[in-house]
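A.B. asks: Heads up: the sequence lines are chains A and B, in that order.
Residue 318, in the numbering used here, is where the first sequence stops; the numbers in between run on with no holes.
Residue 636, in the numbering used here, is where the second sequence stops; the numbers in between run on with no holes.
In short, the hints are calculated from the structure, not lab data.
A virtual CB, placed ideally from N, CA and C, is assigned to each residue, including glycine.
Take the hints with a grain of salt, since some may be wrong.
These stretches of chain A come out as covered by chain B in the derived footprint (C-beta under 8 Å, 3 or more residues) [stated by the list, open to error]:
| no. | segment |
| --- | --- |
| 1 | 68-74 |
| 2 | 288-300 |
Straight-line C-alpha distance at most 25 Å; calculated BS3-like pairs for lysine-lysine [said to hold, decoys possible]:
| no. | chain 1 | residue 1 | chain 2 | residue 2 |
| --- | --- | --- | --- | --- |
| 3 | B | K435 | A | K307 |
| 4 | A | K117 | B | K625 |
| 5 | A | K165 | A | K117 |
| 6 | B | K435 | B | K483 |
Protein chains: 2
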Amino acid sequence: MGGQRRGTREGQEITIVEVGPRDGLQHEPITVSTEAKVAFVNTLSRSGVAEIEVGSFVSPRAVPQLADTDEVFSRIDRLPGVRYSALVPNERGWARAREVGVEKIALFTAASETFAKRNINCTIGESLARFTPVVSAAKQDGVIVRGYVSTITHCPFEGPVPPSKVLDVAGRLLDLGVDEISLGETMGMAVPRDIRRLLDHVVRAIPVTVLSLHLHDTYGLGVANVLVAWEEYGLCSFDASAGGLGGCPFAPGAAGNVATEDVVYALRASGATVAVDDTMVVQAATQIEGVLDHPLTSRVSKVLRQKAKSAVHGQTGP
Amino acid sequence: MGGQRRGTREGQEITIVEVGPRDGLQHEPITVSTEAKVAFVNTLSRSGVAEIEVGSFVSPRAVPQLADTDEVFSRIDRLPGVRYSALVPNERGWARAREVGVEKIALFTAASETFAKRNINCTIGESLARFTPVVSAAKQDGVIVRGYVSTITHCPFEGPVPPSKVLDVAGRLLDLGVDEISLGETMGMAVPRDIRRLLDHVVRAIPVTVLSLHLHDTYGLGVANVLVAWEEYGLCSFDASAGGLGGCPFAPGAAGNVATEDVVYALRASGATVAVDDTMVVQAATQIEGVLDHPLTSRVSKVLRQKAKSAVHGQTGP
Chain A
1 MGGQRRGTRE GQEITIVEVG PRDGLQHEPI TVSTEAKVAF VNTLSRSGVA
51 EIEVGSFVSP RAVPQLADTD EVFSRIDRLP GVRYSALVPN ERGWARAREV
101 GVEKIALFTA ASETFAKRNI NCTIGESLAR FTPVVSAAKQ DGVIVRGYVS
151 TITHCPFEGP VPPSKVLDVA GRLLDLGVDE ISLGETMGMA VPRDIRRLLD
201 HVVRAIPVTV LSLHLHDTYG LGVANVLVAW EEYGLCSFDA SAGGLGGCPF
251 APGAAGNVAT EDVVYALRAS GATVAVDDTM VVQAATQIEG VLDHPLTSRV
301 SKVLRQKAKS AVHGQTGP
Chain B
319 MGGQRRGTRE GQEITIVEVG PRDGLQHEPI TVSTEAKVAF VNTLSRSGVA
369 EIEVGSFVSP RAVPQLADTD EVFSRIDRLP GVRYSALVPN ERGWARAREV
419 GVEKIALFTA ASETFAKRNI NCTIGESLAR FTPVVSAAKQ DGVIVRGYVS
469 TITHCPFEGP VPPSKVLDVA GRLLDLGVDE ISLGETMGMA VPRDIRRLLD
519 HVVRAIPVTV LSLHLHDTYG LGVANVLVAW EEYGLCSFDA SAGGLGGCPF
569 APGAAGNVAT EDVVYALRAS GATVAVDDTM VVQAATQIEG VLDHPLTSRV
619 SKVLRQKAKS AVHGQTGP
């Protein structure tokens, strides 16, 4: 059980893929202005995250919140050393991405047929066929391609998802030529043993270096799963969103991404090297929170915001 | 590293010690009425938790919020199968506890001298001396005694705390005759490797069956640490508070206890047997939240409260 034993990871460098501007915002009921999105991305750019998923070139009808991704891309300050990526569902999306000079695109499919059907309105096979010309065009342009496999452990419609399905879809994406796979735990229901069961299977066939783990914190397991993936399997790339942004208030299955600052704290305190300034991440989260209609509830952001107001305790017990 | 390997725990029964009415409420700035406390405890009683820490017989000056513990005790419905306990700092506290027929008391000291000094205004040695007559009187009355050791990994004043200090204090408490030890991670800063370092040391000398783990979720590590303690060491008793209640809004070091419903979900989904009805815990949390000035932010309570309003997703990506 488990990959390599932990204890050998001290100092290992972690890659944080900040998905707040895309996965974090896409369900938000309040329309966030282009200006606020640009400011959010610009603050995140200065935090030290390796990559920022800026938006999505899906149909504006499907995700109205991200309809201005083209404009956001053209207005952000792209800092050297930070990668700016976007979701691309098909050739039309790729044309839009190319227009604004996106250097990395992300394709998304699922390990569950029903979820693929409901989320992207096609079978998994059809999604892969649709990706084929996009990957080949992107590669010709020197654009990096990420493939998302969602519902890696649980599907809202099918229930538990077998690891073999995940490996199958991930393998087919790699066969198409994608550079990396992000394993998306869409429901946020997985516990470490689910992640172990999945990774035990996946890392047999796919090098851990091309894997990212994309977790939601729905049931509060995000950080626990990050630590298991890193400590036991040496997985070093994690998707996360500033402030734990994300979460559709009316759809419990899609609650917030695991918070970037929580992931940074947990990994760094566990001995990893994480070149991310968590106070800057929290600054970005606070900025975007100001235009939303609900507070962000990441643990570390709460601590960092409160630290200034810290007071001394009296006699209270443990 | 680690105790027994995980994978052998399937079905193991977990004891939840609900500390919301005591540790959860003690820092709340708004005075909660006796009636609200009684109602809170009564709802928790029906949730299946093994024990409820109802209050504290410390000086009302030190913790005004819990000044009515005597009255709360006399008014709650004590259900068979549930243990109702309270903090007792000294003989005066013990006299009050005895008066209302408390069946289990908890003494509290620390692994850090500075924390003991600031929190209970005496040295660790003095605290143990103060406990001696209380333990002996309690045992004569057939009352169960818990000993809290706080600051088990980090002290707000001294920084990291060596496991040997924790074992020393825990051992001295057991020598006094206490029945169980609750290891309190006061700061909520520990990551699994800190918990492993501690338990590697402690379980060499103390049977895991007399240990509880008392975690705060300050940095979002509560659930990760619970799972490590159970999966790797077989620790089966956890302190937790409904809704993640607790947390002094102005003192980041004392943020909320790990939420009972989050612990219940994580352990049950990991294969443990947890005889707690999480919807009843969330009902209790919602009840007490109604009289506080801030929302409770446990992950699972959010899910359970939203479930009724669940809606279907559109095409959104992973």
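A.B. asks: Against each hint, give a clear statement of whether it holds in the structure.
C.D. replies: Verification of the supplied hints:
1. Here's how the segment 68-74 of chain A fares: 0 of its residues keep a CB closer than 8 Å to some CB of chain B, so the rule of at least three is not met and the hint is violated.
2. Against chain B, the segment 288-300 of chain A contributes 5 residues with a C-beta closer than 8 Å to a partner C-beta. That satisfies the three-residue criterion, and the hint holds.
3. The suggested pairing of B:K435 with A:K307 holds, with an alpha-carbon distance near 23 Å, which does not exceed 25 Å.
4. With a C-alpha separation of about 23 Å, the suggested pair A:K117 and B:K625 falls inside the 25 Å cut-off, and the hint holds.
5. At roughly 15 Å between alpha-carbon atoms, A:K165 and A:K117 fall within 25 Å of each other, so this suggested pair holds.
6. Between the alpha carbons of B:K435 and B:K483 the distance comes to roughly 15 Å, so the proposed pair stays at or under 25 Å and holds.
In this structure, the one hint that does not hold is number 1.
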